[in-house]
Amino acid sequence: MRKIIWARGAVVLWVCLSLYGCATVQDVRTLDGEIHRISSQLNTVQKEKESIKSELAALQKDFLTLQTETRLLQTDLLIRLENQQSEIRNLSTGVEEYKEFLKRPSQEIDRVREDIAMRTKFLEERGKSLEKTFEKSFEEKNKAQEERARALEERIKATEDRLKGVDGKMGDLASRLAEIEKPTSGKEVSAEMKGVSAGAGTLYKEAYETFQKGDLEGSRRKFESFLKQYPNTELSDNAQFWIGETYYLKKDFDKAILEYEKAIAKYPEGDKIPAALFKQALAFLELGDKGNARNLLRRLIERYPQSDQAEMAKKKLETIK
Numbered sequence: 017m018r019k020i021i022w023a024r025g026a027v028v029l030w031v032c033l034s035l036y037g038c039a040t041v042q043d044v045r046t047l048d049g050e051i052h053r054i055s056s057q058l059n060t061v062q063k064e065k066e067s068i069k070s071e072l073a074a075l076q077k078d079f080l081t082l083q084t085e086t087r088l089l090q091t092d093l094l095i096r097l098e099n100q101q102s103e104i105r106n107l108s109t110g111v112e113e114y115k116e117f118l119k120r121p122s123q124e125i126d127r128v129r130e131d132i133a134m135r136t137k138f139l140e141e142r143g144k145s146l147e148k149t150f151e152k153s154f155e156e157k158n159k160a161q162e163e164r165a166r167a168l169e170e171r172i173k174a175t176e177d178r179l180k181g182v183d184g185k186m187g188d189l190a191s192r193l194a195e196i197e198k199p200t201s202g203k204e205v206s207a208e209m210k211g212v213s214a215g216a217g218t219l220y221k222e223a224y225e226t227f228q229k230g231d232l233e234g235s236r237r238k239f240e241s242f243l244k245q246y247p248n249t250e251l252s253d254n255a256q257f258w259i260g261e262t263y264y265l266k267k268d269f270d271k272a273i274l275e276y277e278k279a280i281a282k283y284p285e286g287d288k289i290p291a292a293l294f295k296q297a298l299a300f301l302e303l304g305d306k307g308n309a310r311n312l313l314r315r316l317i318e319r320y321p322q323s324d325q326a327e328m329a330k331k332k333l334e335t336i337k
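Take 17 as the starting number for the sequence shown in this note's numbering and just add one per residue.
In short, the hints are calculated from the structure, not lab data.
Take these hints with a grain of salt, some might be off.
[As the list claims (entries may be wrong)] What follows is a list of derived Cβ distance ranges for each label pair:
| hint | residue 1 | residue 2 | range |
| --- | --- | --- | --- |
| 1 | E302 | E151 | 56 to 62 Å |
| 2 | E85 | R314 | 46 to 52 Å |
| 3 | N308 | Q76 | 17 to 23 Å |
| 4 | E151 | Q76 | 30 to 36 Å |
| 5 | R129 | Q100 | 22 to 28 Å |
| 6 | R127 | E151 | 20 to 26 Å |
| 7 | F138 | L89 | 27 to 33 Å |
| 8 | N248 | Q76 | 54 to 60 Å |
| 9 | E302 | Q245 | 49 to 55 Å |
| 10 | Q245 | R319 | 58 to 64 Å |
| 11 | E169 | A133 | 50 to 56 Å |
| 12 | S55 | L93 | 39 to 45 Å |
[Stated by the list, open to error] The calculated PhoX-like cross-link candidates involving lysine-lysine, where the alpha carbons are at most 20 Å apart (straight line), are:
| hint | residue 1 | residue 2 |
| --- | --- | --- |
| 13 | K267 | K278 |
| 14 | K306 | K282 |
| 15 | K282 | K244 |
| 16 | K266 | K229 |
| 17 | K306 | K330 |
| 18 | K271 | K282 |
| 19 | K173 | K229 |
| 20 | K69 | K173 |
| 21 | K306 | K337 |
| 22 | K148 | K137 |
| 23 | K278 | K266 |
| 24 | K63 | K331 |
| 25 | K173 | K65 |
| 26 | K271 | K244 |
| 27 | K159 | K148 |
| 28 | K332 | K63 |
| 29 | K266 | K63 |
| 30 | K65 | K332 |
| 31 | K331 | K65 |
| 32 | K332 | K306 |
| 33 | K306 | K267 |
| 34 | K63 | K267 |
| 35 | K77 | K173 |
| 36 | K306 | K271 |
Note that CB positions come from ideal geometry on N, CA and C, so glycine has one too.
With these hints in hand, go ahead and build the complete structure from the sequences.
Given below as structure tokens:
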């Protein structure tokens with residue numbers, strides 16, 4: 017997370033330097049798009065990491081539950097065995113009473129002897145049967161619990177390995193983001209950027225810095241002010257796109273869709289169109305409209321096949337059922 021925070025700070029520094037004249041507008045737009053794409057990837061990987069952590073916690077919870085169930089099973093079997101032994105003892109006491117009775121003279125002594133012999137045999141057979149049943153049941157359930165525990169341990173290990181992979185991927189993305197955010201060397205310092213006056217550049221820079229600080233309302237007002245004063249500069253399509261982003265991050269997806277559409281309609285030659293189409297599709301997905309989301313993603317792939325967003329659109333289409 018420290019790397020990501022540093023990277024975001026570097027983005028702000030880079031934008032400040034570039035807008036003061038350290039790079040051309042094309043560099044600003046190109047690096048702006050690359051930074052936005054990699055930032056989106058970082059956010060996606062972060063969500064995946066949190067999901068894996070949740071899955072790992074759930075697996076560990078299942079493992080603890082399994083151990084508890086095993087202990088309860090053992091306790092239950094022991095209780096049942098003790099109850100059976102108690103029943104056998106009671107019956108044995110009854111047999112002893114019958115034996116005492118046999119010592120007395122009686123006309124039914126033969127019948128009583130036969131009854132005692134039958135009951136004794138029945139008790140012995142039942143006791144042996146119960147012991148075998150308990151042993152078999154305990155062994156089967158214990159084996160099943162052990163297999164389940166091993167399976168859970170393997171899943172936990174696999175999940176931990178996957179989590180390590182996600183951490184490595186996040187580190188790589190952060191490194192790439194830091195690399196592209198380094199100021200471009202070898203560029204001549206100029207008071208004005210191509211097609212953009214110094215005043216327009218300053219106003220755009222202030223709006224973008226405000227956005228990077230997380231002040232969505234403040235940055236939106238500044239971008240709107242920029243468009244009122246400079247509706248047709250090289251950075252106007254960028255400003256319109258960032259207005260859409262402020263609504264998207266606020267989860268006001270309906271307004272975000274409308275603002276992205278303005279970037280597409282007003283600036284048909286701008287390089288923010290692929291990004292605007294992709295974010296429109298994501299906004300429709302958030303609203304549950306899978307039909308419009310699919311159409312926008314297909315439109316992006318057909319019209320801008322070489323863009324970074326086209327590759328992301330292909331992967332996103334595969335996940336929409």
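Against the structure, the hints come out as follows:
1. Between E302 and E151 the Cβ separation comes to about 58 Å, which falls inside the hinted range of 56 to 62 Å.
2. Between E85 and R314 the Cβ separation comes to about 50 Å, which falls inside the hinted range of 46 to 52 Å.
3. Checked against the given bound of 17 to 23 Å, the beta carbons of N308 and Q76, roughly 41 Å apart, lie outside it.
4. The hint said 30 to 36 Å for the Cβ distance between E151 and Q76, and at roughly 32 Å that hint holds.
5. Against the hinted window of 22 to 28 Å, the Cβ-Cβ separation of R129 and Q100 comes to about 26 Å, which satisfies the hint.
6. In this structure, R127 and E151 break the distance hint of 20 to 26 Å, their C-beta atoms being roughly 37 Å apart.
7. Checked against the given bound of 27 to 33 Å, the beta carbons of F138 and L89, roughly 29 Å apart, stay inside it.
8. Remark: the range hint 54 to 60 Å for N248 to Q76 is upheld by a beta-carbon distance near 58 Å.
9. At about 32 Å, the beta-carbon gap between E302 and Q245 misses the expected band of 49 to 55 Å.
10. Look at Q245 against R319: about 31 Å separates their beta carbons, and that is not inside 58 to 64 Å.
11. A hinted range of 50 to 56 Å for the beta carbons of E169 and A133 is consistent with their spacing of about 54 Å.
12. For S55 and L93, the Cβ-Cβ distance of about 57 Å falls outside the hinted range of 39 to 45 Å, so the restraint is violated.
13. Distance check on the hinted pair: K267 and K278 sit about 18 Å apart at the alpha-carbon level, within 20 Å; holds.
14. Restraint check: the Cα-Cα separation between K306 and K282 comes to about 26 Å, which exceeds 20 Å; the hinted pair is violated.
15. For the hint pairing K282 with K244, the CA-to-CA distance comes to about 14 Å; that is within 20 Å, so the pair holds.
16. The straight-line distance between the Cα atoms of K266 and K229 is roughly 14 Å, inside the 20 Å bound, and the hint therefore holds.
17. Restraint check: the Cα-Cα separation between K306 and K330 comes to about 15 Å, which is no more than 20 Å; the hinted pair holds.
18. With a CA separation close to 16 Å, the supplied pair K271 and K282 stays within the 20 Å bound.
19. Of the pairs offered as hints, the one joining K173 and K229 is violated, with about 39 Å between alpha carbons and a cut-off of 20 Å exceeded.
20. Only pairs whose Cα atoms come within 20 Å are accepted, and K69 paired with K173 is accepted, the gap being roughly 12 Å.
21. Proposed proximity of K306 and K337 is supported: the alpha carbons are some 8 Å apart, at most 20 Å.
22. Restraint check for K148 and K137: satisfied, since their Cα atoms lie roughly 17 Å apart, inside the 20 Å limit.
23. With a CA separation close to 18 Å, the supplied pair K278 and K266 stays within the 20 Å bound.
24. Of the pairs offered as hints, the one joining K63 and K331 holds, with about 17 Å between alpha carbons and a cut-off of 20 Å not exceeded.
25. Distance check on the hinted pair: K173 and K65 sit about 15 Å apart at the alpha-carbon level, within 20 Å; holds.
26. Proposed proximity of K271 and K244 is supported: the alpha carbons are some 19 Å apart, at most 20 Å.
27. Distance hint between K159 and K148 is fulfilled; the C-alpha atoms sit about 16 Å from each other, no more than 20 Å.
28. Restraint check: the Cα-Cα separation between K332 and K63 comes to about 15 Å, which is no more than 20 Å; the hinted pair holds.
29. Distance check on the hinted pair: K266 and K63 sit about 18 Å apart at the alpha-carbon level, within 20 Å; holds.
30. Restraint check for K65 and K332: the C-alpha separation of about 19 Å stays at or below 20 Å, so the hint holds.
31. In summary, the hint linking K331 to K65 is supported, as the alpha carbons are separated by about 19 Å, within the 20 Å threshold.
32. Of the supplied pair hints, the one linking K332 and K306 holds, its CA atoms being roughly 11 Å apart against a limit of 20 Å.
33. About 17 Å separates the Cα atoms of K306 and K267, which keeps this hinted pair within 20 Å; it holds.
34. Among the hinted pairs, K63 with K267 is consistent with the structure: their alpha-carbon atoms are about 17 Å apart, no more than 20 Å.
35. Between K77 and K173, the direct Cα distance comes to roughly 14 Å. Compliance with the 20 Å bound is thereby established for this hinted pair.
36. With a C-alpha separation of about 18 Å, the suggested pair K306 and K271 falls inside the 20 Å cut-off, and the hint holds.
Violated hints, listed in ascending order, are 3, 6, 9, 10, 12, 14 and 19; each of the other numbered hints is respected by the structure.
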